[in-house]
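S.K.: Chains A and B, in that order, are what the protein sequence lines are. Going by our numbering, the residue at position 303 of the first sequence is 303; the numbering climbs one at a time, nothing skipped. Going by our numbering, the residue at position 26 of the second sequence is 1026; the numbering climbs one at a time, nothing skipped.
Hints are supplied without guarantee of correctness; some may be wrong.
Claimed, not checked - Here are the simulated EDC-like pairs of lysine to aspartate or glutamate, each with C-alpha atoms no more than 16 Å apart in a straight line: (1) B:Lys1073 x B:Asp1063; (2) A:Lys371 x B:Asp1046; (3) A:Lys468 x B:Glu1024; (4) A:Lys468 x B:Glu1021; (5) A:Lys150 x A:Asp116; (6) A:Lys3 x B:Glu1072; (7) A:Lys468 x B:Glu1026; (8) A:Lys468 x B:Glu1027; (9) A:Lys3 x B:Glu1021; (10) A:Lys3 x B:Glu1024.
The set of hints was computed from the structure by calculation and includes no laboratory data.
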Amino acid sequence: MDKNNQATHLKKEILVKTIKAFLSDNFEENTRLIPFEMRPKGHEVPYRCCIYKEREILRNRIIATLGFPIEGSDERVLLSNYAKEAQKREKPDEQTLTVLESACKGCVPNRIFVTDLCQGCVARPCIENCKFGAISIVNGKSQIDSSKCKNCTKCIQVCPYHAIVKIVVPCENACPVDAISKDEQGHARIDFEKCITCGKCVSSCPFGAIHEKSQIIDILTRIKQGKKVVAMIAPSIVGQLPCTIYQLKTALLKCGFYDVLEVAQGADVTALNEAEEFRERIENGQKFMTTSCCAGYNNLVDKHLGEIAPFRSETKTPAYYIAQICKEKYPDAISVFISPCVAKKSEALKNDNIDYVMNYEELGALFVAHKIELSELEGTQYEVEPSREGRNFGITGGVAKSVEAADNGKSEIKPYLVNGINKESIRALKGFAKKGECEFGNLIEVMCCEGGCVGGNDCISNVRTATKAINEFTKDSKPIV
Amino acid sequence: MKKTVVKICMGTTCFVMGASELQELEEIIPKKFGNSVDIQGVTCLDYCSSCSEAQAPYVLVDDEVINKATIEKVMEAIERKLNNGQE
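Throw the hints in and build the complete structure from the sequences for me.
M.R.: Next comes the structure, spelled out in C-alpha cells:
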C-alpha cells in the first residue's frame, strides 16, 4: 500500500499527541484526554460507526504507542494508568507487534469470487478449465463452491469478461511466512513463533490495525531521568527529514540526547569483515555467501530457512558494531538505535548493547512535538566521518557494493541482489541452499524490504526520493579503502 | 499572464505528516504545466502552529490553503486556477 495514506497519517498524529502529552506538565491526564481531543463531542465520524468506537480505537492505538500489547488489554483501565505504568517499565516488551482487534475489519477470507460482471456465457471457460469441479451455473451465472475451490486462479485467467476476482486479506497476503491469520472471530492474529517482524503487515493493513509497540516513552523517560542517552542513526535516515544529518545531530542534542553516532561507522566494520569472510569462504570451496545485516532476513533464516544458515555470513550487523563502539565510549550510556523498520526492535532484544529502538516516524513525531524547525538549525559535526559505502548500506545493492569495494579487487565478486523478501524469493533462497550454489552470483545481498532499508515500514519518505537523497549525500563522502 | 504560485511547506511538521511525498511535485508540475506555474519549497507557512498537525501537510496555491495536501489535491487546485484565469 502507498505510504501516503490516512492510516499512517493517523498513527503519526497519535505519536505526536502522545509525545506532546509526555512533554506537558501532566502526562497521565493529558494522555487520557487524547481520544476526546481528537474526536470531541459533535465531531464528524470519519471512519467508524460512531464517535464512541472512534475514541475506543484511538485509545487502543495510544496503548500501543505507550508500549503495551492490545491483546489482553483491560478496557476498565484508564489511559492515564497506562501512561503511569509506561514510565515505570524497566525493559521493552518481548514482542514488537500488536493487533488492534477493535480496528481490524475482519476482512472476508482469501477466496475467488464471481462478480456481477459474469454474463453466463455459452463458452463457460471457467467451468471447462476448473480442475476441481468447483464451478457451476446457478441462476444463469457462474458460482464457486468454496469447499472445492483450491484458489488456483485458473478461472480468473480464462474469463473473457474479467468477471472473476481474487479477494485478498491484505495482511495475510503481505506476510511472507504465513505468520498472520484469522482467529475464530475472523480477526487477525500474529503467530509470534513464525513472525519475522518484517513489518509488511503493518504497512499493508488498510485499517491500520497492526501497530508497533513503541518504546518512545521508555526513551523519553530515560532522558528525563538525566541518563546519558546516545542516539545511533541508521544510514537510511538521509532523506527522511527535511535536514542534513548534521542538523539532525543538533536536533537530537536539543531533545536531550547526550551524543549521536552514525551507524554507517558500524557499516564500515561490517563491510571490511564481510569482504574478508567472503575470501575465506570462497577459498574453502563454498560457492556463495549471503549477507547478514538485515534483521528481517536474519529472523527468516533463524525461524524458517535453516538450510541457508551455513551460507549466511557470520559477520555482525552495522547496528551490532556501532552499539559496541557506543558502549565502549560511554559505558554508562543508554543506547538508542534509530531505525527504518520494526525488525531492528527484534534484533535489539537479543543484543545487550542496544537498549532501545526508535523508528523514523517516532523520531519525526518527536521533533514535531518539540516544535523543532530542522532546516533552520546549524549543523553539528560527528567525531568520525564514515565512508560513502557505509552510508550507502540502506539502499538495495549498497551492501554488496561496499563488500566489493572493501575487497578491493582481491577476489572475483559477482553480486546477486534479493531485493525484498516474499514467497518467491524465499523459494529461490531455498533452491540455492539445496544446490549449494547460486547461478546468478556468489555474493547474495538479502534485503527484506523492497528498495532496501529505505523501503522499511517506518520510513517517512518514499523509496524513490529517499534513494535520490542518499545518492546525492554520499557522492562526496570518502571511499572505504 | 500572471503565474500561479505553489508554495509547498517543507517545515518539520508538514514534512513528517506527508509533505515528503509532495517533493515529487517539483518534477510533476513543470512537466504538466510548463512555465505557467511557479513552485517554491518554503520552510514553514506557519499553519501548523495556528491550526494543528492533524491537518498537515499544508500547500498554498496562490491564496488557497490546501490542508492534508496530496499530489492529486494540489494538481486539481492548480488546474482550477489556470482554467479560471482563461475565462
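S.K.: All hints, please: hold or fail.
M.R.: Cross-check of the supplied hints:
Restraint check for Lys1073 of chain B and Asp1063 of chain B: satisfied, since their Cα atoms lie roughly 15 Å apart, inside the 16 Å limit. For the hint linking Lys371 of chain A to Asp1046 of chain B, the alpha-carbon distance of about 11 Å falls within 16 Å, and the restraint holds. Taken as a hint, the Lys468 of chain A and Glu1024 of chain B pair is honoured in the structure, with Cα atoms around 11 Å apart against an allowance of 16 Å. Taking the CA atoms of Lys468 of chain A and Glu1021 of chain B, the gap is about 13 Å. The hint holds against a cut of 16 Å.
As the CA atoms of Lys150 of chain A and Asp116 of chain A are separated by approximately 21 Å, the hinted pair breaks the 16 Å bound. Taking the CA atoms of Lys3 of chain A and Glu1072 of chain B, the gap is near 15 Å; set against the 16 Å cutoff, the hint holds. Restraint check for Lys468 of chain A and Glu1026 of chain B: the C-alpha separation of about 14 Å stays at or below 16 Å, so the hint holds. A threshold of 16 Å between alpha carbons decides the hint, and for Lys468 of chain A with Glu1027 of chain B the separation of about 13 Å falls inside it, so the pair holds.
Taking the CA atoms of Lys3 of chain A and Glu1021 of chain B, the gap is about 8 Å. The hint holds against a cut of 16 Å. Restraint check: the Cα-Cα separation between Lys3 of chain A and Glu1024 of chain B comes to about 14 Å, which is no more than 16 Å; the hinted pair holds.
This entry does not satisfy hint 5, going by the numbered hints stated previously; all others are met.
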